[in-house]
Amino acid sequence: MNTYDSVLRRGLTSWDQEKIPKTELERRLDLIRTEMKARGIGVLIIHGDSWKYGDLCYATHYSPMTREGVALIPLEGDPVLYLSLGSRDIPFHQELTWIEEVTTLPTLTKELAGRLQAWGVQGSPIGMVDVLENMRDPLYEAIRAQTRGSALLPCTEWYRKLRLLKSPAEIPLLKEATGIADFCFQEILRYLNPGLREFELAAQADYAARAHGAEDCRILLTSGSDTDRFLRPAGDRKIGPGEKVTVYLALAYQRYWTELGRTIVVGGPNRQENLVLEETTKLYEQIVQSVGPGQGGLSSMAQAFHALQAHQEKHQAQSSVILQGIGLDREEDPRIPISPTPSPLTPGMFLSARLTQFGPGIGAFFSEPLLVGANGCEILTRTERRLYQAT
Amino acid sequence: MNDDLFAECQDRLKRTWLAMEEKDFDFLLVYAGGKREMQRMDGVRYLTGYSGLGDHSLLLVRKQEMPILYVNPPDAADIAKEEAALGEVVGEEDFVPRAVHDLKARKPGNGRIGFVGQEFMPAGLFQKLSGQITGSLCVDHDFLKRVGRSKTPWEIERIQRAHRMADAGFLHMVEVAKPGMREFELSAELERALRMQGARDNFGLVASSKHNPAIRPPTDKKLETGDLIIAEISPECDGYFAQLCRTIVLGEPSEILREKFELLKVALRKGIQAARPGAPAVEVARAINRILEEAGYEAYCKPPYMRSRGHGLGQGSPFPGNLSEEDGVVLEEGMTFIIHPNQYIPETGYLMLGETCEVTQNGGKSFSSLAQDIFSTHGI
Numbered sequence: 001m002n003t004y005d006s007v008l009r010r011g012l013t014s015w016d017q018e019k020i021p022k023t024e025l026e027r028r029l030d031l032i033r034t035e036m037k038a039r040g041i042g043v044l045i046i047h048g049d050s051w052k053y054g055d056l057c058y059a060t061h062y063s064p065m066t067r068e069g070v071a072l073i074p075l076e077g078d079p080v081l082y083l084s085l086g087s088r089d090i091p092f093h094q095e096l097t098w099i100e101e102v103t104t105l106p107t108l109t110k111e112l113a114g115r116l117q118a119w120g121v122q123g124s125p126i127g128m129v130d131v132l133e134n135m136r137d138p139l140y141e142a143i144r145a146q147t148r149g150s151a152l153l154p155c156t157e158w159y160r161k162l163r164l165l166k167s168p169a170e171i172p173l174l175k176e177a178t179g180i181a182d183f184c185f186q187e188i189l190r191y192l193n194p195g196l197r198e199f200e201l202a203a204q205a206d207y208a209a210r211a212h213g214a215e216d217c218r219i220l221l222t223s224g225s226d227t228d229r230f231l232r233p234a235g236d237r238k239i240g241p242g243e244k245v246t247v248y249l250a251l252a253y254q255r256y257w258t259e260l261g262r263t264i265v266v267g268g269p270n271r272q273e274n275l276v277l278e279e280t281t282k283l284y285e286q287i288v289q290s291v292g293p294g295q296g297g298l299s300s301m302a303q304a305f306h307a308l309q310a311h312q313e314k315h316q317a318q319s320s321v322i323l324q325g326i327g328l329d330r331e332e333d334p335r336i337p338i339s340p341t342p343s344p345l346t347p348g349m350f351l352s353a354r355l356t357q358f359g360p361g362i363g364a365f366f367s368e369p370l371l372v373g374a375n376g377c378e379i380l381t382r383t384e385r386r387l388y389q390a391t
Numbered sequence: 392m393n394d395d396l397f398a399e400c401q402d403r404l405k406r407t408w409l410a411m412e413e414k415d416f417d418f419l420l421v422y423a424g425g426k427r428e429m430q431r432m433d434g435v436r437y438l439t440g441y442s443g444l445g446d447h448s449l450l451l452v453r454k455q456e457m458p459i460l461y462v463n464p465p466d467a468a469d470i471a472k473e474e475a476a477l478g479e480v481v482g483e484e485d486f487v488p489r490a491v492h493d494l495k496a497r498k499p500g501n502g503r504i505g506f507v508g509q510e511f512m513p514a515g516l517f518q519k520l521s522g523q524i525t526g527s528l529c530v531d532h533d534f535l536k537r538v539g540r541s542k543t544p545w546e547i548e549r550i551q552r553a554h555r556m557a558d559a560g561f562l563h564m565v566e567v568a569k570p571g572m573r574e575f576e577l578s579a580e581l582e583r584a585l586r587m588q589g590a591r592d593n594f595g596l597v598a599s600s601k602h603n604p605a606i607r608p609p610t611d612k613k614l615e616t617g618d619l620i621i622a623e624i625s626p627e628c629d630g631y632f633a634q635l636c637r638t639i640v641l642g643e644p645s646e647i648l649r650e651k652f653e654l655l656k657v658a659l660r661k662g663i664q665a666a667r668p669g670a671p672a673v674e675v676a677r678a679i680n681r682i683l684e685e686a687g688y689e690a691y692c693k694p695p696y697m698r699s700r701g702h703g704l705g706q707g708s709p710f711p712g713n714l715s716e717e718d719g720v721v722l723e724e725g726m727t728f729i730i731h732p733n734q735y736i737p738e739t740g741y742l743m744l745g746e747t748c749e750v751t752q753n754g755g756k757s758f759s760s761l762a763q764d765i766f767s768t769h770g771i
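Those protein sequence lines, which keep their order, are chains A and B.
Residue 1 is where the first sequence starts when you use my numbering, and the numbers rise one by one after that.
Residue 392 is where the second sequence starts when you use my numbering, and the numbers rise one by one after that.
Derived by calculation from the structure, the hints in this document are not laboratory data.
Only true hints are included.
Computed cross-link-like contacts, DSSO-like style, restricted to lysine-lysine with a CA-CA straight-line distance of at most 30 Å:
(1) A:Lys19 to B:Lys569
(2) B:Lys519 to B:Lys498
(3) A:Lys238 to B:Lys472
(4) B:Lys414 to B:Lys536
(5) B:Lys601 to A:Lys19
(6) B:Lys414 to B:Lys495
(7) B:Lys536 to B:Lys661
(8) A:Lys175 to B:Lys613
(9) B:Lys519 to A:Lys161
(10) B:Lys498 to B:Lys536
(11) A:Lys19 to B:Lys612
(12) B:Lys613 to A:Lys22
(13) A:Lys110 to B:Lys693
(14) A:Lys22 to B:Lys612
(15) B:Lys495 to B:Lys536
(16) A:Lys19 to B:Lys613
(17) A:Lys175 to B:Lys612
(18) B:Lys536 to A:Lys110
(19) B:Lys519 to A:Lys110
Between beta-carbon pairs, the in silico distance windows are:
(20) A:Gln17 to B:Ala690: 32 to 38 Å
(21) A:Lys314 to B:Asp485: 31 to 37 Å
(22) B:Lys569 to A:Lys37: 50 to 56 Å
(23) A:Gln318 to B:Pro604: 49 to 55 Å
(24) B:Ala670 to A:Arg144: 37 to 43 Å
(25) B:Glu684 to A:Gly149: 44 to 50 Å
(26) B:Pro464 to A:Thr23: 35 to 41 Å
(27) B:Gln455 to A:Lys161: 48 to 54 Å
(28) A:Glu141 to B:Gln752: 40 to 46 Å
(29) A:Lys37 to B:Gln518: 28 to 34 Å
(30) B:Gln763 to A:Arg229: 46 to 52 Å
(31) A:Lys314 to B:Asp533: 55 to 61 Å
(32) A:Lys175 to B:Ser767: 40 to 46 Å
(33) B:Pro464 to A:Glu278: 28 to 34 Å
A virtual CB, placed ideally from N, CA and C, is assigned to each residue, including glycine.
Chain A with its partners taken away, still in its complex shape (with noise of 0.2 Å):
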């Protein structure tokens, strides 16, 4: 989904080290080096900005307020946490990670070869993770002109399997905010008045999440006529009677998105075109239920897939769904669209089902976050999937 990245994270700012445990860091950082022992890799380049955080994260716990933030993982020694902050700023953030040497970016293209020549790794191979794909090109340029002698690999691709799947230390802080999401929507349902502006609405649904300790916030409404079009950031277009409103929410808790989607019609009379909508949640209840691990899950979510192409038909309604990934970044691995051989799904991922819709009358949205557990499922929303009606 595309949102309007803001300028700097800035709600509740700290790391709950009861929620995420220096033990389970240590973990990850395990799993990371095994696998860089099995590619000859000396030393792990890690980027992340505020815009997608979630590798730089992964092994850090941090996540750049704005601007970005490089960590070097050597295969033996102890990693160091560059952020692109003043010196003065880095005793508070260093609050923030579990890495204990955190310094300012500037120093790291200053210090890179030594830092190589200190850990004996000068000549092996460095693995890149995120920095072809979003590092800016004169900060790349910078690190490759300090490590010529030394082979880059973008090592992305397998850092990623890593953060497939949730740790049960992970899971708890999926479900808070989920829970925050669900408070959020209600307040969006408590507030929804005819003659309100979308900002105005968009802004109560904001002040919720942070209210609640989200870090940041992240909303799309449309109303009217434009729901059949896009979705897109709320605008000042005042919300009329009968019409109809989606809602885009996702929101980040101690580093975790989740996220949140759903169709109001704001009172007025019943239309025809309800109607149609009311389908739309039918066949999005469907998808959902077909979500599941392995070869069971594979061919309900066939049958779901069918099921939407004839609802596609039947409406001439341009309809598509998702399973994408969340977790540490608002949309990561896997990315798998409903199809009638979708990829099969394993227990511990964590998905956002989406049901976009789009036509004259019939625009909808729906969305909500899914652990795959073993045998199908958990459904980790109290709001319900159905047409809301705010009056």
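Using the hints provided, position chain B relative to the given structure of chain A.
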């Protein structure tokens, strides 16, 4: 898109064409990602009005022709078409081949292609693009900063609106701050106050302590009587930011606090007075530093305590430059800056005072309606 924005973007495009003539650029490529930072200027938004909801966007500017905007992912094109005031919009998963094709079709030959935004472009994407372009790619980080260094009345109006949001948001904080409330709850109150006025974004930091070492994001610390709440509030209106820096004391300010805050008040007045056309930016920084140095705080006017006494503000903060002893920018009428003599003082901790100003013939013109003073939950 509205008519005002269309006219504004047309004017910017004309100025861009002139600047291309000066630099001998046949074409200009402008890159912007969906990542938003105060510290960068979004050149695509500046020239088209598109707020950049997708992952990447690239603008191909041709002299005396409408530009072409390439966006990714493809569904971002629907919104780009709604928002962009000028030019054709192309939405493609990988827009590089199409952009290169369009460029070649216009026969750049060995012509010069200006490139803006390389400093923000992901390495992989830049390598892909630069590897396919024929002609001489001239990276020019400052090209649009020069074009847009002085603000138009349309831009000034947005910055003023954003400042009114900041002022009102701050007054709301003063009203609701109370002992026992947590920092992030106060910050949420501020956010709501800004968003209810239409702010789409905010570079906002709120911290509290009896002795703040610096400003930082909000934590779960509870506010206590006697705390100093420091706030940097920077709401966005139509892509334009204004910034307000202020200090609130939770209770009655002490004598020593009043005395030290007086230094910041005088420093702010001196800084604003110095912001005249023709003056180098360094003069504003010196006018502020002089007051604090004379009071014995010279050591605290340098890093790591202080970096600059303000910076450009409008569409982000990078241009026209910083108000620091190192910056070489010369002030011009219509430039806008946040002037902030924020200062760490050993006796009180970090204090904040600052507001956004426009450079005029009579010195800086502040956009804030608030008293240039320390605020208290018991009144100024």
